[in-house]
Structure formats: C-alpha cells, structure tokens
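Chain order of the listed sequences is A and B.
Sequential numbering from 1 applies to the first sequence in my numbering.
Sequential numbering from 1 applies to the second sequence in my numbering.
Keep in mind the hints are simulated off the structure, nothing from the lab.
Hints should not be assumed to be uniformly reliable.
Below 25 angstroms or equal to it, Euclidean Cα-Cα: the simulated SDA-like pairs (lysine to any residue) are [to be verified]:
no., chain 1, residue 1, chain 2, residue 2
1, B, Lys195, A, Leu377
2, B, Lys115, A, Gly209
3, B, Lys346, A, Gly209
4, A, Lys77, B, Tyr173
5, B, Lys411, A, Leu377
6, B, Lys273, B, Arg342
7, B, Lys437, A, Ser146
8, B, Lys376, A, Ser440
9, B, Lys239, A, Phe410
10, A, Lys34, B, Asp156
11, B, Lys107, A, Phe410
12, B, Lys297, A, Arg94
13, A, Lys34, B, Pro233
14, B, Lys239, A, Lys77
15, A, Lys34, B, Lys376
16, B, Lys239, A, Asn83
17, B, Lys426, A, Tyr33
18, A, Lys77, B, Gly306
19, B, Lys348, A, Val359
Next come the chains, spelled out residue by residue.
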Amino acid sequence: MRKGKRFIFTSVLIALLSIAFTGTGFCFLNLDYKVAGHVMNQTVIRDLDGFQTGVLNDTDVIQVRNELKFDLTMWPKYVIEPNLRLDKIFIRYRGAYDAIFDLVNRYNQIPNSVRGAGNSRYDLGLDDVIYENDLREAFADIAYQSSGGFFTNMRLGRQIVQWGEAGLFNVVNQVNPQDLSIVRNFQNPEDLAAPIWIGRMDISSPPFGMFNELSLQLLYIPDNRPTIFGPNYAGGVAPYGLGVPGLNVYQNDVSSDMGNPQFGMRVGASVGRIKTYFYYFDGFYNGPALNFSDIGNGNIWLDHPRYQMYGVSFNYDSPRGFILRGEGALHDTMPFTDFGDPTGRGYTGHKVYEALIGVDRSFFSTYGFPGAGGTPLSTSFELHYKHVDDWDYDRVLRNGAKENNYGATFVANTFFMHGSLLPIVALWYDFHGVLLTSLSAEYTPNGLLFFKMAISSSYGNKSASYSPIVSTINSSEVSLGIGYRF
Amino acid sequence: MARKFLFPLLMAIVLGLFAIQTSMAYDANWEETQKKALESTGLKVGDVVNAENWQKVKDCLPFSVVEWVKKGEFTIKVGEFKYDHSHDKIYEDKSMLNDGKYTIGDKGQILEKGKMPTYMWGRPFPVIDMKDPQAGVKIMHNRDIDKHRVGSSWTDFDVCWISDINGLDRYIYGDDAFFYMWSRPDGKQFPNPQKVKRYEITQIKEPYDLAGSAMLYHYWMDGSPERFVQYIPALRRIKKMNVTDRSSPFFGTDFCNDDGAGYVGQPEAMEWKVLEKKIYLIPMANWLCDAPDMYEKLPGGGWKSGPAGKLEWGYLDKFKNEKYNVSWMPWFVKWIPRECWRISMKSKDPYYAYGDQEMIVDVASGAPIYKIVWDKSGAHWKTLMVNSDMAQWGENRSNTIQVFYINMDDKTHHASICNARGQRDKFYFYSYFNIPKNHPRIYKDEYISTMSR
C-alpha cells in the first residue's frame with residue numbers, strides 16, 4: 001500500500017511540476033478555489049428484531065454521528081489556456097464523532113487501536129468508529145486537448161470510479177469497494193464507496209462516422225482495499241459489524257504494492273440514441289469470502305481472491321418517453337460459502353453470469369400535487385438475474401445462494417413545495433421471498449438548513465438463507481438527520 | 001361600381017404589404033418607429049403605472065401581467081431606447097440573401113431544396129408573411145439562428161426560488177455554455193458528421209448538495225428530439241435523461257428545462273401559429289436602455305461582457321415599504337413599447353406537462369419576451385418574462401444571452417428567477433463569446449463526468 005501511495009504521490013508531483021513549468025501563462029499562485037461542505041447530525045434507531053415482528057417494539061439507538069464534510073476545489077487561472085494543463089485539484093475531507101459509544105456502555109468490550117497491533121489496516125477498532133478523520137478524496141486532473149478534437153484527462157489520486165447503469169445492484173460496478181462500517185444501504189452512494197488510489201486516464205474522440213463519441217478509460221489501481229465493516233470481535237460487535245457474535249472477524253486483504261495492482265478498462269461508444277460500454281476488470285474481490293479454516297481459534301478471516309470481470313452496459317432513450325438500460329457481466333470466479341470445500345476454507349470459487357435490465361419513466365400529474373403543478377413522478381424499475389455456475393444448493397453445506405437468483409427493484413421520487421421536500425421510495429424484492437423497503441424524505445427550507453428522515457425495513461421468509469438481503473429482516477432502522485450546508 | 005370594387009382591393013393590398021414584411025431588424029428610422037409605438041399606447045416616457053392607473057397598460061401587456069399591476073404587485077415605469085435595439089445591418093443584408101432559399105418540412109424542420117441543410121448563414125426566413133400558416137415556426141427558427149451567430153457563449157447564471165412571504169428562499173448557481181454549429185460568426189463550418197445544430201452544457205456549482213451536477217444536450221439539425229444526459233456527482237455517473245423531461249421542473253424551480261430564455265427547445269417540437277402583431281411593453285434593464293452591452297475583446301481570444309448594473313428585486317429590504325411591490329418585482333427595469341408577434345404554441349409531445357402556450361416575440365430583435373402557459377385543463381398556470389441582453393461585439397450586434405427571466409406560477413403565487421447578467425448580492429454574472437475553451441471537444445459525456453468530482 002505504502003509503495004503504491006508513494007508511486008501515485010510522486011507521479012502527481014512530477015506531473016504538476018512539469019505542467020507548471022511548461023504551461024503558457026500559468027502561475028501556481030494564481031488559483032481560483034472554492035470551499036463548500038456541510039455539518040450534520042444523524043441519529044439512528046434500530047429495531048433489533050425488525051418491523052416484521054412489531055414496529056419499534058425492541059429498539060436501541062445505535063448511532064449519534066456528528067459529521068463535518070467539505071470539498072476544496074482549486075482551478076489554475078490561465079491567461080491563455082494551454083493544450084496540456086493542470087485542470088483542477090480536488091480534496092474532500094470527512095471527519096466525524098459518534099457520541100453513541102460514549103453515551104452507552106454496551107460497546108465497551110470492543111477492542112481499541114486494533115490497526116496498530118499488527119493486524120490489517122482495515123480491521124477496525126472502537127476508536128475507528130467513534131472518530132473519523134479521513135482525507136477521503138484527493139486528486140489532480142491533468143487535461144490535454146488536441147487540435148483534432150480529442151480530449152484526454154488524467155486523474156491521479158484517491159478517487160471514486162463508478163461503472164454501469166444499475167441502481168441498487170452492482171453488476172459491473174466493481175472498482176471501488178464499499179465502506180459499510182458506519183452506514184447502511186440507501187445512503188448517498190458516494191458516501192458508501194471507499195475511495196482508493198487510482199491512476200485513471202479518460203480519452204474521448206470527436207464525433208466521426210456513425211459515432212457521436214468513442215471513449216477509453218484505463219485504470220491502474222495499486223490500492224487493494226476490501227469492503228470495510230465495523231468491528232466484530234468475540235468481545236463485542238459494533239452496530240455495523242459483520243454481525244457474527246462470539247467470533248473475531250479479521251480482514252485477510254491483499255497488500256497494496258506494485259507487485260499486485262488491479263487493472264480496469266472501459267471502452268465506450270455512442271451511436272444515435274444508444275450508448276454502450278464494454279468493461280474489463282482484473283482485481284481482488286472486494287466483498288468478503290468467509291474463510292472458516294481458523295474457526296477453531298474463534299476467528300473468521302475475510303479473504304479477497306483475485307478475479308476477472310468482463311462486462312457490458314447500454315442505455316437507450318426512446319423518443320416514446322422512456323429510458324431502457326441494461327448490464328451484463330461474467331465474473332470468472334466469485335467465492336461462495338461452501339462447507340463441503342475440501343480445502344477447509346469454507347468457500348469455493350464459481351463462474352457467475354449476471355444480467356440486468358432497467359426502465360426509467362417520468363409521469364406528470366398536473367393536478368393533485370401540492371406546491372407545484374406539473375410535478376413529475378420519476379420511476380425506475382430493474383430486473384436482475386444472477387447465475388452461479390457449477391453450484392449445487394444444499395440446505396446444510398451450500399445454503400448461501402442458489403444456482404439461479406432473481407431480484408427486482410422499484411424506485412420512485414418526486415418533490416413538493418417547489419423542490420423543498422424530496423420524498424423517495426425504494427423497494428427491492430428478492431424472488432426467494434424477501435422484500436426490502438426504504439422510505440426517505442429530505443426537507444430544506446432555504447437550501448442550506450436541511451432535515452432528513454429515512455426508514456429501512458425488510459419483510460419475508462427469514463429462513464431464505466440464500467437471499468442476499470435476508471439478514472436485513474432482523475434489523476429495521478429509522479434515521480433522523482439535521483444539517484447545514486455552507 | 002368600379003370605385004366600390006377598387007377601394008377594398010387597395011385596402012387589401014395595403015394590408016397585405018403590412019402583413020408581409022421583413023422579419024429583420026436593423027431600422028435606420030428606429031427613433032421614429034419607437035415614437036410611433038409609444039404614441040399608440042398613449043403612454044409617455046417617465047410614466048409610472050400601478051394599481052391606481054393600471055388601465056393605462058391593459059392593452060399592451062399580457063393579461064396576467066396586467067393582473068399583477070392591477071393587484072398592486074407590479075409597478076411599470078415607461079422608458080425608451082437610446083439606440084437601435086436590433087441586429088446590425090451586415091447581418092440583415094446577409095440574411096436577406098436567404099429569402100426564398102429555405103422551406104419548412106412536414107415536421108417543422110428547415111429544408112433547402114427539399115433536403116436538410118448542413119449549414120446556413122443568417123436568418124433562414126428574413127421575410128415573414130403573417131398569413132403564412134408556417135409563419136410561427138419560421139419566426140422561431142429565425143430566433144434559433146439569431147442566437148447561433150455569436151458562435152459560442154459561456155455564461156454565469158443563478159436560479160432563485162422566490163416566495164411572496166419569505167422573498168429569496170434559496171438559489172442554485174452555475175455556468176451555461178453553448179456551442180453553435182449553424183450560422184457561425186466567421187461563416188466557417190466545424191466538422192459535423194452527426195449533424196448537430198448546437199451543443200449545451202449546464203453545470204451547477206452551488207449549493208453543496210447539487211454542486212458538480214452537469215447536463216449535456218445535443219440538439220440535432222433535423223429537429224428530432226435532443227439527446228440529454230446528466231452527470232450526477234452523488235452517483236459519479238452519467239445518467240441518460242428522457243426527452244419528456246424537457247417539461248420537467250428544473251431542479252424543482254418554477255422553470256422547466258424548455259423555459260430557458262423563453263423557449264430553448266427545438267422549434268420542431270411545437271405547433272406554432274401567429275395570432276397577431278401588436279405593441280407590447282417589454283421589460284429592459286436600465287443599463288440597456290441607453291446602450292447595448294459593449295463586449296470587450298480578450299487577449300486570449302473571444303469576448304467578455306461589459307459593465308452591467310445591479311439586479312434589484314422586490315424582495316430586497318429597500319423595497320419593503322414600496323406600496324406596489326411583490327418579491328419578484330424587477331425594480332431595475334423600464335418598460336419600452338415595441339412591436340411584437342403573439343404566437344400560440346403547443347407541444348407535439350402528448351406527455352408534455354404544459355397545455356396551451358402563447359409566446360410574445362419582439363419583431364425587430366426576434367427575442368421572446370413573454371410566454372403564457374395554461375395547464376392541460378385549460379386553466380392559466382404560469383407567465384414567463386424575459387429580458388434579453390443586446391450585445392455589441394465588434395461590428396456585430398445581437399441578443400443571445402439574457403439579463404434575467406422570471407417564471408411566475410400564478411396558481412401557487414410563487415416565482416423563480418434566472419439572473420444571467422449584472423450583479424446580485426455576491427454574484428456578478430458575466431458572459432463570454434467564442435473563448436478558446438468553448439470548443440466541440442468539451443461537449444461529451446466523458447468531459448462532463450470530469451468537470452467536477
């Protein structure tokens with residue numbers, strides 16, 4: 001990791017200095033800059049057995065998080081803009097204090113300072129979830145524009161890259177891992193993603209022939225970061241730990257160095273009303289493969305085997321008033337819990353085929369909505385299919401998935417009071433018999449002060465262990481937020 | 001008997017000559033034209049019209065604006081131009097060469113000898129016959145091309161939510177960039193295999209939760225529905241938007257996407273019909289009454305807008321004691337009588353949120369001034385009011401940028417204002433023409449996805 005970081009830092013520094021001394025009319029002191037951000041408090045109440053067995057009848061407050069987040073963006077000012085130039089520097093900071101760990105003593109047994117004790121840097125301790133002090137993103141954009149109409153942008157630094165067209169499913173969106181240590185699903189997607197160090201290059205062509213645009217994105221990723229969970233130890237489990245009481249859960253992540261970088265490539269083509277991307281990703285599985293080989297010592301290890309993904313996505317805007325979009329992917333090997341695994345790890349790798357089709361459509365209701373006539377109701381529907389190759393479901397040995405899995409999502413949003421009140425409804429139905437629901441609303445009277453409320457709950461067949469969302473049945477949540485933007 | 005026949009014939013010829021006239025602009029006798037327009041309204045320069053004498057303007061403002069004056073919300077100060085508020089003579093002469101060259105196709109598109117032209121210079125329809133059933137769409141095509149002649153523009157803007165009770169509720173601030181492929185100022189074409197008529201990028205910079213959002217539009221020469229994508233920074237993705245979102249509210253404001261500058265959509269997307277030509281009072285920022293906006297040449301190429309005044313809206317404390325005021329009253333404008341087209345418009349898209357609409361267009365400058373909107377039940381809904389910025393850059397004079405426009409929702413008594421020239425609070429809104437960074441190479445999905453984070 002350190003070597004990777006050093007490489008990126010050195011590259012950025014050399015690039016910036018080179019451009020600074022070659023760019024016409026450039027002066028480092030001549031920068032435009034902008035600082036903007038928010039402070040907010042979020043309180044989360046969890047129904048410990050889920051709404052299915054009674055709404056808010058067994059609750060705990062699990063988060064009282066006070067957050068400062070801000071962006072610093074800097075743009076060099078050019079008298080005459082050179083073709084090769086430093087275009088922008090972007091820094092995002094997020095710091096937080098979660099008071100729940102000082103207000104209650106049920107988390108006191110979670111160990112502190114775990115990361116400094118020879119463990120993976122992604123094994124979090126109590127201190128890591130009480131405080132956050134994170135330079136989440138820091139990158140520089142170096143642009144090159146050719147007279148032929150090509151545009152090249154090199155983005156170097158810690159950043160987020162999101163691929164694909166899907167909303168709630170990650171079919172081809174494999175680049176950044178998720179940080180689930182402090183938040184749950186249905187949060188802002190960029191807050192869920194864990195930024196990583198990436199060298200990224202985007203090249204786009206001028207229109208020619210039948211193409212509006214051809215594009216190429218190349219990613220070099222020396223930062224191997226897994227999906228991050230809250231602390232989960234035999235002594236105690238944090239609110240957003242993996243949820244395995246009585247056991248220690250440790251990351252077995254791949255070191256971040258020049259010896260095992262990840263790669264990504266995306267090729268895009270836009271023709272008329274159709275836009276298509278093709279993807280290739282060679283990296284480490286971010287989500288954990290649960291390794292039970294050390295279970296005798298009370299430990300579960302989270303493995304991250306290497307895999308390759310070949311994907312495609314498209315979108316088409318119909319003149320008839322809807323957007324059709326889709327994704328497909330082949331993952332050459334993905335780990336699934338398998339207690340019949342002869343190696344004793346408790347998981348085996350399988351080819352996985354995934355496909356998704358989605359439709360977006362806005363509806364207008366000129367009458368009946370308060371606040372503004374003509375308020376649109378924007379809706380999205382997605383159907384997802386996942387096939388696990390060479391997989392034989394077994395109720396005891398291989399109960400974490402089935403060979404063929406179907407899911408569907410529906411998201412609708414609108415606004416009231418001239419855009420001051422923004423409600424969103426999201427539903428995820430897993431065809432194994434589990435429905436996950438989320439209702440949220442944000443109200444801002446003046447664009448600066450804001451209030452948020454979200455309710456997340458799931459219902460259905462608790463014994464459907466093969467459903468990816470079955471674990472959410474037992475923990476519904478209500479979150480309340482208040483904040484101020486600056 | 002012959003006399004009886006001759007008189008109506010002569011009258012018909014005279015009226016016909018009035019009806020068929022150049023749609024163009026440059027007027028060597030503009031002072032006399034302005035004087036006659038003023039006389040026809042019975043108003044004098046310096047007159048102040050409000051709820052006490054609203055009858056004075058009842059025939060020279062749209063009915064909804066008359067209602068605002070009558071209710072005591074608007075105060076009309078009558079003014080005049082000190083210059084010819086229209087396009088330059090060179091442009092008119094070039095445009096006149098197009099007379100008879102172009103026709104309108106079955107979809108409302110421009111045709112040249114039955115085929116779609118790949119380039120044109122000057123107004124395609126320099127002569128408008130009011131009786132021509134296609135006069136409306138021709139006027140709107142002319143307006144499109146008038147905007148194109150600057151080549152490209154880059155403008156700061158904000159959009160403010162204004163309520164009667166609280167005044168300025170909130171705002172968004174950003175940039176709006178256009179690149180035009182037809183009627184470019186140098187008469188030169190750019191490679192254009194996709195037959196794009198114009199590109200547009202709108203980028204939001206404030207507030208924090210929306211900052212970084214960017215919208216990219218491709219408007220096609222054949223008038224087919226545009227391509228519309230949006231970069232959503234919270235998702236870090238480009239999202240394809242649907243053409244029906246043209247009538248969807250812009251970030252929850254009273255504007256829909258098509259309301260920019262009066263109407264920023266494709267002329268082909270609407271049915272247009274000229275209803276009449278009459279004198280209307282048009283709103284004009286004080287600093288544009290005396291002289292056009294004098295653009296200065298930039299050393300790195302392109303032009304930058306000249307000095308402009310303060311955008312003083314009725315919600316400011318200094319107007320709290322005004323007897324006839326409302327939060328969205330533009331106190332920095334004068335109202336000048338001008339000859340305008342009144343044109344009905346209706347979307348061809350059955351899913352469009354608006355019902356019937358009417359557009360009031362200044363004949364000489366070609367700029368939309370008012371748009372009246374009814375909902376699909378036929379009830380009056382909104383009134384859009386536009387003040388275009390008459391720009392002078394070098395020998396050229398045209399209006400492509402707006403000083404401001406307001407969309408007033410008469411159902412909810414709420415308004416949204418877009419400011420694009422002048423100063424509001426900490427913001428000073430500039431416009432730039434033909435700056436080097438405004439190039440077709442930036443109008444790409446991949447570019448807007450790296451404009452912010």
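Each hint, compared with the structure:
no.	hint	result
1	Lys195/B - Leu377/A	33 angstroms, violated
2	Lys115/B - Gly209/A	20 angstroms, holds
3	Lys346/B - Gly209/A	35 angstroms, violated
4	Lys77/A - Tyr173/B	20 angstroms, holds
5	Lys411/B - Leu377/A	20 angstroms, holds
6	Lys273/B - Arg342/B	9 angstroms, holds
7	Lys437/B - Ser146/A	12 angstroms, holds
8	Lys376/B - Ser440/A	31 angstroms, violated
9	Lys239/B - Phe410/A	17 angstroms, holds
10	Lys34/A - Asp156/B	16 angstroms, holds
11	Lys107/B - Phe410/A	36 angstroms, violated
12	Lys297/B - Arg94/A	43 angstroms, violated
13	Lys34/A - Pro233/B	17 angstroms, holds
14	Lys239/B - Lys77/A	30 angstroms, violated
15	Lys34/A - Lys376/B	44 angstroms, violated
16	Lys239/B - Asn83/A	29 angstroms, violated
17	Lys426/B - Tyr33/A	16 angstroms, holds
18	Lys77/A - Gly306/B	20 angstroms, holds
19	Lys348/B - Val359/A	23 angstroms, holds
Comparing the model with each numbered hint stated earlier shows that hints 1, 3, 8, 11, 12, 14, 15, 16 do not hold.
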